[in-house]
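There are 2 protein chains.
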Amino acid sequence: MWKIDRRNIVITESFFNPQTIAVVGASKTPGKVGHAVFANLVQGGFKGRLVPVNPSGGDLMGFECVKDLGDFEGTVDLGVIVVPTHLVKEAVSSSLKAGAKAIVVITAGFKESGAEGAALEKEIADLCVSRGARLMGPNCVGIINTEHLINASFATGMMAQGGISVISQSGAICTTVLDWAEGRHLGLAKLISLGNKADLDENDFLEALADDEQTKVILGYLTSIKSGDKFIRVTESVSAKKPVVILRAGTSESGSRAAASHTGALAGGDISYRAAFKRAGVIRADTFEALLDYSKAFAMQPIPQGDRVAIITNAGGPGIMAADAVENAGMHVAVINKSTAASLKAKLPAAASVGNPIDVLGDADPDRYVMVLDAAQEDDSVDAIIILLAPQAMTSPAEVARAIAQALRGNKPVLASFMGGKEVMPGRDELAAFNLPDYPSPERAVAALKAMVDYNSWLVRPPRIVTRFPVNRHRVERIMGRYRRIRSKQISEVDAKEILRAYDFAVPAGRLATNLEQAIDIAEHAGYPVAIKIVSPDIVHKSDIGGVKLGLSNEDQLADAFDLMMLRIKRKAPDAGIKGVYVEKMVDRGLETIIGMSRDPHFGPMLMFGLGGVFVEVMKDVAFHLAPITADEALKMLEGTKSYDMLRGARGQKKVDPLAIASGLQRISQLVTDFPQIEELDINPFIVGPIGTEPMVADARITLGEAGKEDD
Amino acid sequence: MWKIDRRNIVITESFFNPQTIAVVGASKTPGKVGHAVFANLVQGGFKGRLVPVNPSGGDLMGFECVKDLGDFEGTVDLGVIVVPTHLVKEAVSSSLKAGAKAIVVITAGFKESGAEGAALEKEIADLCVSRGARLMGPNCVGIINTEHLINASFATGMMAQGGISVISQSGAICTTVLDWAEGRHLGLAKLISLGNKADLDENDFLEALADDEQTKVILGYLTSIKSGDKFIRVTESVSAKKPVVILRAGTSESGSRAAASHTGALAGGDISYRAAFKRAGVIRADTFEALLDYSKAFAMQPIPQGDRVAIITNAGGPGIMAADAVENAGMHVAVINKSTAASLKAKLPAAASVGNPIDVLGDADPDRYVMVLDAAQEDDSVDAIIILLAPQAMTSPAEVARAIAQALRGNKPVLASFMGGKEVMPGRDELAAFNLPDYPSPERAVAALKAMVDYNSWLVRPPRIVTRFPVNRHRVERIMGRYRRIRSKQISEVDAKEILRAYDFAVPAGRLATNLEQAIDIAEHAGYPVAIKIVSPDIVHKSDIGGVKLGLSNEDQLADAFDLMMLRIKRKAPDAGIKGVYVEKMVDRGLETIIGMSRDPHFGPMLMFGLGGVFVEVMKDVAFHLAPITADEALKMLEGTKSYDMLRGARGQKKVDPLAIASGLQRISQLVTDFPQIEELDINPFIVGPIGTEPMVADARITLGEAGKEDD
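Residue numbers (our numbering), protein chains in the order written: chain A, 1 to 712; chain G, 713 to 1424.
Next up, chain A with everything else stripped away, as it sits in the complex:
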């Protein structure tokens, strides 16, 4: 059962569909924000009751001003606050008294202007929540809902109704999208300016919009995300119902975090956002135009079932551009069915090309366009259609637009690019009016289509079944408990391997020796060759002071190495407490890989895979995925590296079993999900042998985070 979210109901009822709206700070002076907001509500055509609140009373645009909302006798649903900052708290308070469950604070001067503002903002948010109400803003443009003709914002004019809802953390982006939509004759559904997100944030509104019938696609502009975990959960569920297109700005600021592990160092910056968006099916727009372009396509056209694209054009050049773009995007220029081609050949002029791009020639009239469009819609080898028109002497763009718009069957997406400017503009206007998305260039139409194809791939992805491996969780808890007690964050290699062994990783046979006799004993038991490594809580970089010796082939070599190590350590780290020497069997040669995890501050555990050596260190050829991970996703991670060929036996390398590595990633996923105190984890190298053998943890490093002490 889906748990009913109380916030959701407040948003749907009181923010989206209030019966009574009070504007506290409704001003009689044109040019003031308090005037603009009230005027917008009046001019927008709101059918419910409007209550202007102004201490001087009197009439405002035919409505009688209430001097103090405390004296108001009816019940307010939505209170819109536009008074000066120092009066906001009182205005909110009186709105709550009047029964408002929804508060929009448009006024600025809070968190964005310093500590004092932040404190006041928190007070106001707490006040709202404590009274069972919710707060939007402060410092926002307001809210618009075309469905009920509500324009509770200072953005000019009422938008036309349409399927695009907007959530934005920037007020200017709200007004820009509004202006863009108006300029392109596009309709919008809801427009939500998030402001400072003191209470309600993107997650709340995403949830509300998921169930909003008017909304066909959600367009989001975000610079930060309040709760990464929740964001993934919410968007994953929203994306299953409708597309969510987001531009995340501020990517260049983020910089890279200092991190001890490979995984941590490579995982910083924008990578976590990419991984989160991918997991959740969020369509990412990298530019402002892409944000608008993609949203328009989703709002107007059905989702394609595949990536085979038919291109219909009245000129060669634009057709080539579109074909280049389709291939560069990794989609396919459809191979038209033979019967379709034959029938087109019969109906089109001899000079026309019935290959794909289908060139209907410069003198194509609307009927010829429609005839080819019909054929492409019919043809089951075509998943999507791009229609191009270059201005030609004999062509009326407007007539072609009307004709093709009327021929749309809605069984596959059709996107258009009427190229040029003045002459094609009437055609572009017609396309917009008929819900046929039009783009100024073939490349942009193709990019929008690619976003749709990617969304479809996400929709039809295999069910996400995360395997739970039988593990010895209790054993890991005991080790963790020990580190918690000594308040140490750096887990020793020996313990890290113990932890991994408990999660069913193969670890080289080995044990701690406190003297040479024991060491020889262990080595004989494990089998030569062996490695020895100093074990001391006081020594972090073992190799640097001669605390690691590899490839010892027999008792003599072991004895020499042991004595030498003791001598050197005593000299170089005289104060270190030595627990002994760890003796372990050398791992057979194989393909060196790295698997690891770094906990992202926003989205949690980020898994990494890469081939070892130069592939990671020089080429940075790694793939990331958020935990928990499925077997399928883990395999896709491997395929996502450029060096994937190495797993398949490139360069005389023995072929390895990708499933063995995938299973390792899944078990790390389980471990770091079970133990959130693990901040970073590296298995480097994770040595993978030929098919049939088990990969080995040759070295491992686990670091605990601040959370370690409390969460366990």
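Read the hints as simulated data drawn from the structure, not as lab findings.
Owing to the predicted nature of the structure, the values given are computational and were not obtained by experimental measurement.
Any given hint might turn out to be false.
[Stated by the list, open to error] Derived list of chain A stretches under chain G, where covered just means 3 residues or more per stretch with a C-beta under 8 Å from a C-beta of chain G:
1) 38-48
2) 310-322
3) 433-442
4) 692-700
The beta-carbon is built from N, C-alpha and C at its ideal position, and this holds for glycine as well.
Based on the hints, put chain G in the right spot on chain A.
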């Protein structure tokens, strides 16, 4: 001295500035191309003499038709042919008789429709050239020159005058650019529809436009290039005078060529075009919008002297987008001078941000924009300026546009993005009118600026001085002569190394042995360890049949290997003629690199560099450059690989001397320039040791091309 090109004069005089224009096929029937062309010439306002040629005579728009141009008494400069295909030759002939030096054939039905058409096209071109005239087309839209109000095309309407000249291989792109320019109130200079390029091609018109004062920037759309060598020579010289922006379409069709060498296999497709454009300073547009966006910036604004960008915005969101885009493009968000910041701080409202982006706030009036623009133009830490405007209640985009346009000093480029649609449109129109390039999104403004920054980098590049090394060219000629005589294209490893030795490469000591005693002798002379390789013109893949044996440490090993090789070869390739066994000293270990060359069918010798092993084979991490190459360019090639860190001592690798590799590339460059019959060349591995040692050619492969027999 620059050689005066006869074509150039014909273009400048007779195509761009004819005194008398005859239209053969001028039709009285509206809707026909022959009518449209003549009408365009009349309506365009051409001041010279117009001669309509129509067999039925009579009046056409007030001009008396000449029935047969053969009877015309004056002299025609430009003949425009719009008669049916089968009458074209006669029409051209009569135009030539009337004195025309310039012929434009608009009529289609030639090369593009088959062999017959191609033959006719060639006849007509030959006819023109034989009479000292030049031919443009056939199968084109025509030519437009706003300078002299000539519209000799069937594209509707006369363009406004401006600085952008257009050369296009697609007629539809011509009309699209025209329509775009009109829609954005932009002026054009010349518009040239290349058509089938039977005679005049892009190179001819590029040369002519280079000296055309009206032309500030050349916008080109090309799908193919007629003479790659010449294209580089011409564009390099044109680019020094004015920017050339080209969209090359059809990149996805090209596919990869089958090639024997690494270099050849990796160098196919679009890489040669990228290398050619880079060499010649051509600004490459990857999309149609980029083509228009970049051209507009170049036509309107000065070239920046650096990449430090100031961003002026009236809203946070767009500012962040622009900053992201600047950093993603590899440019720098300028650090404003302290004095500038202090003075802005004093003049701007407290809430404004004087960091960069400089946020002038949502209520910014024109004066505030101008004040900040003035400061940014003044500040010597700023190379270029991006001005952003999001629609705001208090803002008049048109007034801001006028104010900033008037404040431009022209000392650094200023690009604008007025975001939105309907409300900002008046502002965008003003910007266009004032020659201030405006883009619908911050990202596109930044992309255009980046194109300008790159062009500037090319302009200020160090002088290209190609070093000529003292080499033994004669020795190579002798070896080449031998292969020419036996008509063999595959040069043996031994000879390839000889050739490289002649070009001053270090090659392992070695000689041919015809029996074991000789082999032992050579090995002792060269020093163990040695390698032995079978030498036979009949055996290409030596290793496959046991014809290569490496790392022989002493006489015994050598003797065993020699006898075994003879035994095996006799068994596996009984008919192969064996010349002996090549004995050479093993190369000391070092960093394995690959340097090579593959001759591109368009642009000639393409040099390649990559690190050996997985870097090339798995990661395809290679860099290309056209020969001849300078030392500086060779070093840049090395830096262009992701694995460059390996040269600088990553992963415990000894640091190597990049100059040693660069010198190898330069010497290959010289070799393949001296010997155009060399089709492919691979030095793989080219083993580079620590600084101070000389890189060694461990293996080499040279293949001759078809040209080999004639050119030598």
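These are the hints, each one checked on the structure:
no., hint, verdict
1, 38-48, "violated (count 0)"
2, 310-322, "holds (count 7)"
3, 433-442, "holds (count 3)"
4, 692-700, "violated (count 0)"
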